[in-house]
Amino acid sequence: VQLQASGGGLVQAGGSLSLSCVASGSTFGIPSMGWYRQAPGKERELVAVAISGGLTNYGDAVKGRFTISRDNAKNTVYLQMNNLTPEDTAVYYCGWGYGILADDYWGQGTLVTVSS
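Positions in the sequence shown are counted from 1; adding 32 to them yields the working numbering.
Source of the hints: derived by calculation from the structure; they are not laboratory data. Keep in mind it's a predicted model, so treat the numbers as computed, not measured. Please note that a few of the clues may not be correct.
[Unchecked claim] Taking CB as the label site, the calculated pair distances span:
(1) Q70 - Q36: 14 to 24 angstroms
(2) S56 - G86: 36 to 46 angstroms
(3) E75 - A105: 27 to 37 angstroms
(4) A71 - S50: 33 to 43 angstroms
(5) Y130 - Q44: 37 to 47 angstroms
(6) A45 - G85: 28 to 38 angstroms
Glycine is no exception: its CB is placed at the ideal position from the N, C-alpha and C atoms.
Model the full assembly from the supplied sequences, consistent with the hints where possible.
Quick look at the structure:
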């Protein structure tokens, strides 16, 4: 499975960005797809995961600000990020898997920088 993420960039605090990630390769069923992030000097953390059946799970730091969605026909997962803060600055990784954590495969990462 290959994952191609896009949409990162520089934004001012309070602004919005959207990320997308397209999965390709040999798959079956409907896997979980999601987003993780890793800030400098910190461990990778869950941002949001879209599980099959329409269920979603969000990290506490982004609840109420970020929204994950997916288009199964396009094998694509999206992340809408609103009200961004400098603490959201990180490399965001797209994840894919058959478990609820979507962590079997990873994309290359896309940098999100939020300036104060």
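Now for the hints, and whether the structure bears them out:
no. : hint                           : result
1   : Q70 - Q36: 14 to 24 angstroms  : holds (18 angstroms)
2   : S56 - G86: 36 to 46 angstroms  : violated (23 angstroms)
3   : E75 - A105: 27 to 37 angstroms : holds (34 angstroms)
4   : A71 - S50: 33 to 43 angstroms  : violated (19 angstroms)
5   : Y130 - Q44: 37 to 47 angstroms : holds (38 angstroms)
6   : A45 - G85: 28 to 38 angstroms  : holds (35 angstroms)
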